[in-house]
Amino acid sequence: MENIAIADQVDHSSHPNSFLTKYVWSQDHKVIAIQYSITAIAVGLIALILSGVMRLQLGFPNEFSFIDPSSYLQFVTMHGMIMVIYLLTALLLGGFGNYLIPLMIGARDMVFPYLNMLSYWTYLLSVLVLVSSFFVSGGPTGAGWTLYPPQAILSGTPGADAGILLMLISLAIFIVAFTMGGLNYVSTILQARAKGMTLMRMPLTIWGIFVATILGLLAFPALLVSAIMMIFDKVVGTSFFMPAILSLGETLDHSGGSPILFQHLFWFFGHPEVYIVALPAFGMVSDVIAVHARKNIFGYRMMVWAIVAIGGLSFVVWAHHMYVSGMNPYFGFFFATTTLIIAIPTALKVYNWLLTLWRGNIHLTVPMLFAIGFIFTFTHGGLTGLMLGNVVIDLPLSDTFFVVAHFHMVMGVSPVMVLFAAIYHWFPLLTGRFLNNTLGKFHFWGTFLGTYAIYLPMHYLGFLGVPRRYFAMGETDFIPESAQTLNEGITVSAIIVGLVQLVFIANLIWSTFKGKKSGRNPWQATSLEWQTAQFPPGHGNWGEHVPQVHRWAYDYSVPEVKDDFIPQNFSPEEVKYLISDENNRREDK
Amino acid sequence: MQILKTLRMKPWLAQEQETEPFSLATNKEKAASTALKFFLAVITVIFFLFTVTFLQRTQSYDFQALSGEPWLPFSNASMLWQNSFYLLMASISIILANKSANFQSLKGVVISLTATALFTVMFIGGQVQVWQQLNQSGFYIYANPANSYYFLLTGMHALHIVAGVMVFIRCICLFSLDLSYQGLASRLKLCARYWHFLLFIWLFLFFLLTGDAQTFKTIALFCGF
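Order-wise, the sequence lines are chains B and Z. The first sequence lines up with residues 171 to 759 when you count with my numbering. The second sequence lines up with residues 2 to 226 when you count with my numbering.
Don't take each hint at face value.
As the list claims (entries may be wrong) - Heads up, simulated DSS-like pairs for lysine-lysine below, C-alpha to C-alpha not over 27 Å straight-line:
id	chain 1	residue 1	chain 2	residue 2
1	B	687	B	611
2	B	365	Z	218
3	B	746	B	365
4	B	687	B	746
5	B	684	B	465
6	Z	38	Z	108
7	Z	100	B	365
8	Z	11	Z	100
9	Z	6	B	365
10	B	687	B	192
11	B	365	B	687
12	Z	108	Z	6
13	Z	38	Z	190
14	B	732	B	686
15	B	465	B	746
16	Z	31	Z	218
17	Z	108	B	192
18	Z	100	Z	6
19	B	465	Z	11
20	Z	108	B	365
21	B	192	B	684
22	B	684	B	611
23	Z	6	Z	38
24	B	732	Z	11
25	Z	31	Z	6
26	B	365	Z	11
27	Z	38	B	746
Unchecked claim - According to the in silico footprint, chain B covers these stretches of chain Z (three or more CB under 8 Å from chain B):
id	region
28	46-54
29	139-151
Stated by the list, open to error - Which chain Z residues stay away from chain B? Per the calculated CB distances, all over 10 Å, these:
id	residue
30	7
31	8
32	10
33	12
34	43
35	61
36	157
37	163
38	178
39	208
For the record, the hints were derived by calculation from the structure and aren't laboratory data. For each residue, glycine too, the CB sits at the ideal point set by N, CA and C.
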């Protein structure tokens with residue numbers, strides 16, 4: 171069942187031969203990746219439905235009797251937590267990380283396949299624990315996805331009994347699962363690369379996943395620490411985060427704890443989490459753009475440096491999420507400055523994507539459409555992030571829909587655009603078939619225009635002062651009636667975008683069995699995952715011998731070379747053959 | 002700095018790359034060593050963050066240090082010294098086990114592994130005894146933040162020891178199946194590194210949790226709390 175990641179020769183005795191070892195208790199990184207992806211997408215669909223229900227309430231208040239203020243808060247909380255942790259983190263690292271790392275660096279599998287399998291099953295357990303909170307008395311927690319104490323564990327907050335405990339336990343289990351997976355990813359990248367695959371020859375996808383995994387390993391402990399301490403406060407009666415408090419007319423036994431301390435811990439995890447999601451997306455979109463523009467990525471070294479710099483800086487900006495909590499003005503100045511500084515490497519990446527496109531041989535395939543869509547949405551989300559990084563702008567806008575629009579553009583829509591680009595791009599590698607092109611283009615335009623129809627007006631609502639987290643606005647003097655009309659429009663757009671995703675799911679299922687056959691390396695990519703002996707790659711990935719790497723992953727539009735690209739594993743002799751073959755063909759003409 | 006040199010490489014120039022070493026010659030042991038280094042980093046972050054929150058809390062009005070006055074439990078910390086001795090012995094005996102495996106001495110391996118297991122279990126037992134004594138003396142987990150942190154941090158440390166014991170048992174099981182001294186030695190090398198690390202963490206926690214009010218005040222002043 172287990173393949174040695176770095177063994178040159180394949181171990182035929184290790185091939186799984188029963189259904190259970192092949193598809194359920196599999197230690198093959200590709201199967202584990204698919205297990206991760208299916209679970210993440212399934213739980214993500216729950217979160218999508220929750221967002222639809224929330225939008226129904228906001229667009230058409232009091233029309234739906236099954237939504238009350240408590241359930242609204244529960245939907246908000248579960249939507250946020252599921253999307254950020256259980257969908258995006260799991261799909262980008264557990265799904266794409268697992269699938270692509272061994273294939274892109276030329277390994278047969280992860281270095282610890284058993285641990286990898288254990289990581290998935292632990293992740294599934296965390297999802298089940300989380301989802302079970304829908305069925306316990308009081309329902310899931312409604313404390314908001316940030317779970318701020320003291321209100322998160324006090325009666326009066328929805329799900330303050332079992333719901334919050336299940337959430338915290340589920341997070342702790344998720345972190346254990348992530349740590350198992352993360353240790354595997356970094357060890358595999360550092361110790362199992364094929365001969366010739368130096369760090370600076372790795373595709374940017376792997377760089378993004380590598381740095382994001384290190385961020386995850388160092389940032390998730392902050393969430394674990396805060397979750398454990400809050401469980402103690404709730405169950406044992408300690409006062410780590412709980413101050414002396416009078417709740418519903420009753421004096422509680424807590425005293426002296428600091429709720430702000432929890433916020434610091436949470437955001438010490440929370441801000442790197444943005445980049446845990448963004449960095450793999452940055453890497454994957456770089457590769458998609460280079461392949462579909464037939465151009466080497468502009469400024470490869472700068473792109474790597476930017477990934478590393480963003481990773482480092484992401485640990486010193488966390489308190490910009492806490493301006494409204496109050497802090498020493500010098501701290502505010504420090505965190506505003508670091509926030510603006512992190513924009514530099516990020517902007518550099520955006521310029522490099524644009525310069526890669528500049529005068530490229532752009533193929534407007536579905537993956538490329540999503541990649542270009544990402545550049546738009548990420549730039550918009552990033553620019554509003556720059557605004558909110560300033561204390562004086564953040565204070566009035568922090569509790570409005572402006573912030574909701576900002577973080578959905580930068581952390582919701584943008585990574586999801588890359589996820590779609592990546593799924594359309596690498597789907598032939600999984601199945602040997604293309605996703606349907608027409609449905610794909612419909613999916614792109616529906617999602618791209620639809621998300622703009624949702625979030626552009628939402629920025630405006632924020633400027634008007636429409637508060638977030640509110641179940642219903644009621645009548646206010648400062649918010650015009652037209653804001654409600656806009657809210658209705660946003661809701662209709664959100665439902666349309668949600669329905670468009672069903673087209674994608676249908677496309678995914680239909681194309682897996684009936685899609686057009688892609689043949690080998692359909693996008694004519696240079697990176698190793700497309701150069702496997704068997705296509706789609708089988709167990710052990712590389713046939714009899716692991717590949718040897720001779721170049722970087724971006725040799726596109728190479729003059730005098732047949733098909734304009736040189737795969738990473740082509741030796742100089744093979745390249746000479748490609749060139750002479752092309753010259754002969756020209757002479758024949 | 003190798004990493005800076007690596008990051009300066011120009012991958013589009015084929016010749017330059019040949020100088021950088023590649024990793025095909027590595028083996029599973031090296032991968033396990035890398036994973037352990039990262040895992041120790043994760044544990045360090047966990048205890049670092051706990052420590053930061055602890056130091057902040059030492060300055061709150063309701064914090065009552067666990068030593069400094071004769072009636073406080075750790076003014077006489079002989080039990081903790083005894084536990085420290087057990088963990089130190091476990092750490093030493095696992096080195097001896099590794100050496101015995103290198104010399105392929107079955108007798109040495111059995112004796113030193115037994116000693117490691119025994120001392121580790123004695124450490125855990127000793128810690129449980131301290132928890133019981135604290136409870137019996139009225140120093141409940143919820144009664145004071147110092148008590149809360151004592152139970153929390155020593156509990157987390159014990160949990161990591163238990164996880165180490167599970168890996169340790171796996172090493173023994175694998176050795177009993179294949180009787181490979183080389184495999185045992187390489188696994189014990191990593192186990193030893195983990196045990197030493199947890200010994201270091203314990204000594205740090207010992208110092209931290211048994212400090213008196215004046216010590217905490219000085220540390221907090223130094224850290225700017």
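Okay, the hints, checked on the actual structure:
1. 687(B) - 611(B): holds (18 Å)
2. 365(B) - 218(Z): Violated, at roughly 55 Å.
3. 746(B) - 365(B): holds (21 Å)
4. 687(B) - 746(B): violated (31 Å)
5. 684(B) - 465(B): Given that 27 Å is the threshold and the Cα spacing comes to 32 Å, the pair is violated.
6. 38(Z) - 108(Z): It is violated: about 31 Å lies between the C-alpha atoms, which goes past 27 Å.
7. 100(Z) - 365(B): Distance of about 33 Å is beyond 27 Å: violated.
8. 11(Z) - 100(Z): violated (44 Å)
9. 6(Z) - 365(B): OK: residue 6(Z) and residue 365(B) at ~19 Å, within 27 Å.
10. 687(B) - 192(B): The given pair, whose Cα atoms are some 24 Å apart, holds under the 27 Å limit.
11. 365(B) - 687(B): violated (32 Å)
12. 108(Z) - 6(Z): violated (48 Å)
13. 38(Z) - 190(Z): Given pair residue 38(Z), residue 190(Z) holds - Cα atoms ~13 Å apart, limit 27 Å.
14. 732(B) - 686(B): Within the cut-off at roughly 25 Å; holds.
15. 465(B) - 746(B): Distance of about 21 Å is within 27 Å: holds.
16. 31(Z) - 218(Z): Status violated; Cα separation ~44 Å.
17. 108(Z) - 192(B): Violated, because 42 Å separates the two Cα atoms, which is more than 27 Å.
18. 100(Z) - 6(Z): Not satisfied, since the Cα-Cα distance of roughly 37 Å exceeds 27 Å.
19. 465(B) - 11(Z): holds (17 Å)
20. 108(Z) - 365(B): The hint is violated at about 42 Å.
21. 192(B) - 684(B): Within the cut-off at roughly 23 Å; holds.
22. 684(B) - 611(B): Holds - the C-alpha atoms of residue 611(B) and residue 684(B) are around 18 Å apart, at most 27 Å.
23. 6(Z) - 38(Z): Given that 27 Å is the threshold and the Cα spacing comes to 22 Å, the pair holds.
24. 732(B) - 11(Z): This hinted pair holds, its Cα atoms lying about 25 Å apart.
25. 31(Z) - 6(Z): holds (22 Å)
26. 365(B) - 11(Z): At roughly 18 Å apart (the allowed maximum being 27 Å), residue 11(Z) and residue 365(B) satisfy the hint.
27. 38(Z) - 746(B): violated (44 Å)
28. 46-54: holds (count 5)
29. 139-151: holds (count 4)
30. 7: violated (5 Å)
31. 8: violated (6 Å)
32. 10: violated (4 Å)
33. 12: Answer for residue 12(Z): violated, closest chain B Cβ roughly 4 Å.
34. 43: violated (5 Å)
35. 61: Not fine: 5 Å to the nearest Cβ puts residue 61(Z) too close to chain B.
36. 157: violated (8 Å)
37. 163: holds (14 Å)
38. 178: Its Cβ never comes within 10 Å of chain B, the nearest being 15 Å, so this holds.
39. 208: holds (20 Å)
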